[in-house]
Every structure is written in C-alpha cells, then in structure tokens.
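Line order of the protein sequences matches chains A and B.
Here the first sequence is numbered in this note's numbering, starting from 2 and rising by one per residue.
Here the second sequence is numbered in this note's numbering, starting from 2 and rising by one per residue.
Derived from the structure by calculation, the hints contain no laboratory data.
All values reported here derive from a predicted model rather than from experimental measurement.
Capping the alpha-carbon separation at 30 Å, the derived lysine-lysine pairs in DSS-like fashion look like this:
#	chain 1	residue 1	chain 2	residue 2
1	A	170	B	241
2	B	186	A	212
3	A	212	B	241
4	A	248	B	212
5	B	165	A	241
6	A	165	B	241
Over the 12 Å line for every Cβ pair with chain A, so calculated as not near, a few chain B residues:
#	residue
7	61
8	91
9	200
No residue lacks a Cβ here, since even glycine has one placed at the ideal position from N, Cα and C.
There are 2 protein chains.
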Amino acid sequence: MIKIALDAMGGDFAPKEQVEGAMLAIKNIDDIEITLYGRKEEIEKYLKNSERINIVDCRDVIPMGEHNPVHAIRSMTDSSMVKAFRATADKEHDVVVTCGPTQAVVVGAHVIIHRMEGFRRPALAPIIPSLTTGQTVILDCGANLEVRPDQLVQQAQYAVVYSKEVLGKENPSVGLLNIGTEEGKGRDFENECYKALQESGLNFYGNVETKDILEPPTDILISDGFTTNMVVKCMEGTAKSMGKMLKQNLMRGFFGKIGALLSKKNLDRFKKQINPDEVAGGMIFGLKMPLIKAHGSSQSYAVFCALRTAASVVRKDVNNKVQQALLSEKPLGE
Amino acid sequence: MIKIALDAMGGDFAPKEQVEGAMLAIKNIDDIEITLYGRKEEIEKYLKNSERINIVDCRDVIPMGEHNPVHAIRSMTDSSMVKAFRATADKEHDVVVTCGPTQAVVVGAHVIIHRMEGFRRPALAPIIPSLTTGQTVILDCGANLEVRPDQLVQQAQYAVVYSKEVLGKENPSVGLLNIGTEEGKGRDFENECYKALQESGLNFYGNVETKDILEPPTDILISDGFTTNMVVKCMEGTAKSMGKMLKQNLMRGFFGKIGALLSKKNLDRFKKQINPDEVAGGMIFGLKMPLIKAHGSSQSYAVFCALRTAASVVRKDVNNKVQQALLSEKPLGE
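Using the sequences plus the hints, can you model the full thing?
Have a look at this one:
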C-alpha cells in the first residue's frame, strides 16, 4: 500500500474539494491509502467513504494569502500543512500532497522535509499541456529565484528521471528557456547553463523560446525560478484573458449566439484542455521525501490528479533513483 | 508635412506588404509623405500611387534571419535599413519605420541614429492589447538584457510621455513586472527598481504579476530586456497555440462544424483582437530621432498602423518633450 498524506485544509476550496478528490482517488487507484490532515468536523461533512481514508485532526490552517511563510511554518505547529509534512518527514507516509500557499509549501519543504542529500537547490516543477509532446515538465517555478548553473543541471537531472518514470517518456529531452534559439543568446547565466547542460550527459536539445511554450521541441523546459515563474504565470494569464475575450466575441449577434450554443460541447472540451485543473500537481524536486503541490484553486478532479501523480512517484521509486545517482561515482551535474 | 522613411525591404513579406501599407497610410493620413527605401524595380511592382511617395533605390537587404547584426549594419551600407536610418539621422526625415530583424534594428538604432543626449539605455517598447485599459506599453522588449534601476526609470519616463501624447492616456500609471504584487517580492533588482520608481515622481502603481499581462491595472508594464522579452514571447506563443487548439476543438463533430461556421464572423473578430498585426508598431524609446519597429510578419494593415504611430509621435513632438525633460533642472530618474 502506498501511504499518501493529504493537507486537507490547503487550497481555495478546502476541505470540500480535497476530501472529494481523495474519495475519487480511492475509487480509482487500488494500491493507495490516504491520511487527511485537517479539522475533523469539517472533513467529516464531506467524507462519505472511510475505506483506506484516515483523518488526523489539526486545529490550525495556514491561510492561502499567508504573507510570512517562515513564521507560519515555524509557529503553526498544529496546522494541517505542518503536521502532514512532519509525519511524512518521519516516514509515516511515503509522499505528501498539498494545495496550500506556494511560498509556505516551499519553506515547509526546506524546514520540515529537508533537501535530499547532495541536492543543492530543490525546484518547483509543474506539468503543463503540450501540443507537441502531450505534457511538459517546466521548472523552476519559483522555489529559488536565482541559482547557479550546476544547481540548474541537478534540477534538470531530476526532471529527466521524473519524465521517464512518471510520465513514461523515453530519453526525455531538456530545453533551456531563452530569448533566442541560437547558442550564445541570453545573459551570461544562460550561456553558462548552456555549457553546463551540454557537458551534463543529459539529452540536451539547446535553447527554446517562450513563444513555443505550449508547442516545445522538448519534454522538459528549464530556467531559474524568477524567469520560469514569470513565464508560467504569463501563460496562465494569457489563456484566462483569451477565454474572456473569446466568450465576449462568440456571444455577439444572433447567429453568433446560435453558433456558440451549437459548439458549446467543443468549447467546453477546449476549456478543459487549457484548464489548470487538468494539469497534474507540480512536484518539488530534490527533497528527502516526495512532495506534490497542486494549484490553490484545485477542484476535486485536480486533487485526484495530484494524488495519482503522488502514487506514481512512489510506485516508480523516483526519489531513490535520483538519490542513488547523486551518491554514485558520477555525481549529477558535476 | 511629416516626413517618414520606410524600410521597404525589411519584413517577412517585403516589399509587397510594406508598399501596400504605405499606400494605405497615404490614403488615410493627410499630413504625411513617405520615402520608401529598397530595390526600385521590386517596389514599383506594387506601387500604384506615387502621390506623396518617393523611392530611394538601395541594392542590399539585411535578411530577416541575420545572425551577425553588428557586421551587417557596419558593412551593408547600401541596404534599405542602413540608408533609411542614415537619412533619418541626417534629419532628411522626421521618423523611420522598419519591420526588419529586431537585433539589427537595435544595433542600427545605436550605431546610426544614436542615443538621445542624457538617455542611458534605449528600450524596445511594443504595444499590446489590454482588456482593462485598451492598450499597454510594455518594455524593455529586448534592447538591453540587463539594466540598472536608474536606467529603467528613464525608460518608464519615456513610456509615460508616449502614453500620454500618442495613446491619449491621462496620468499614465506604471507597473513593475514581478512574481508577486507585494512590495519586497522578486530579486534584488526588482526591489531596487521598486524604490527607484517610488522616488521617481511617476504615477507608480507597484508590482504587477504576469498573470495579469492582458488585464493589467496599469497603462505601462516594465522590466529588464531579458524578462520582458521572455514574457511577451510567451504571451504571443500562448495565444497562437490556443488558437490552434481552439480550431481543432471547434471543428470536431457535425454540430461543432455547423456551430463553428455560424460563429465564424465572431471568431474572426476574436482572432483580429489577438492578432499582432492589429498592434501598432513598437517604438525604440530614447533615440535622437524616433524609430518605429513593427513585427517582421507585418502585413499591409500592420505597416499602416506603424506609419500612423510614427506620424503621431512626430505630430505630438514626443522626442523633444522627453529631451527637454532630460535637460531640465529635474533630470529624469535621478
């Protein structure tokens, strides 16, 4: 049995969507059991199935708009997030899932779960849809605003193991996000990373422009935590604003209204395709225990996807595979 | 008469779209005359109206995929871009418009047209659509990958004059692109820029996240040339990929096809809204003479828009207004 801890109070619609997502996961995945961390009475309002689901009562909740994550993680010891992380660090669970506020998750990951031995800078790595390769692992989405090239190479190495084991990609390719495709483009940082990735032994493709973010030539896209965060938020924002513009335009005029109704089913399919809920939870690469961080706005289906990813990471022994490579004779990225 | 120089050979569809755009501008704008720089015989194939349009014959063309822009600008002295820039620097024209390759344009701007006195780092500033404010000036789109905060403040100041005079905005507001809205977010660079903008006397709003790129709370969005370039290309790429996904989805099934046909007019309006062609040419802020750079993929309507912007910049005396502010007792950004 794969033991998953779920922070049931983290997320814009917690604990309802978290509890419903957990029940969905239990129904669809046979080899997991889930422990829900949160206010028992609130969780029980939505929990209709206690098979392979336990509750650990926690009185506190780290709010979604938390401005002082370091203080929150250190002081709110009875919060659902801190208790779920702590129990996972103590190996009561194999993996932990949360939709809580990103910065608190990143701080909690470092302070409570700790870095994997030899892994210098853990990275936040969500998965985004790709028209060319199905799914793209994109990192670092903001765990470290600035990194060194050797640290970025380690992150890329984790992404390769993850893409292979969890996403089933053969010989996953790595692209460096940059302002142009030619070698030599970008800042000193991009040029140093280019060389380091070339020498890493990874399947390095070269530079990839952000105009290809949804149709990249690679399985993995990487940059520093500031840049990737700016780019991913821009992609999400553009998709959202375009949805609004599209709706306004499709509804204009009589024929437009009829047309929009007739193609509603297709439009809904389109919306689902660009919906962040459809995206499996992101993972923090490089911790002692695996941690999946899903969108704060996740609804039950997105929580289910995150739990499914969590199970897969454990089943495929991703963390140990990276850890072994780190401790082997050929250290990663060096 | 406003005298505009147009690099008729720069652009993916040159000179056809450039010549047709020029004719469209002459037809719609009374107080301009245009000089087309390029291969005379190729231009004359498309030119059906010589009223207020002259040709200066140039034998060379800087190709769109130019990899060595510094060498190209220095050696291709008989190219349409170099000759149009040179004549504008010599004040034969009031403004120059090109759809040529961006890096060559940026190099040519520095080497031939030169920086405005006291202006430290010219910036590339396109205009993008905005659901909240109609149009957003976004900079620096790649003229300088890295800048100092005082240089960024000068660029913001130019953007304010431009937004006021050319786009007709009252008291234009400035937003700093960042990974979060709270003060203190981002790298050291963002924090230093935040303080410098606060002290600049400009209408500084604070940080703006890239998820709001198409619905910003401000008239102007600013960051360094690396970051803004990554973000703008991401926005364009996301819009393009979403268009593809939408088309695939709308055309599925019988009712989908009927629906798509019925709402074709509305879909076309939507496409027009997100089409970079609809966007007026970007400008390089901070040169001795104004320079408008439109998309390489511009078609005649986009060339017309760029020429209209060029005329407006001259009519409103934007460059002199910024120059006077720079030379006045209250130097910009200091």
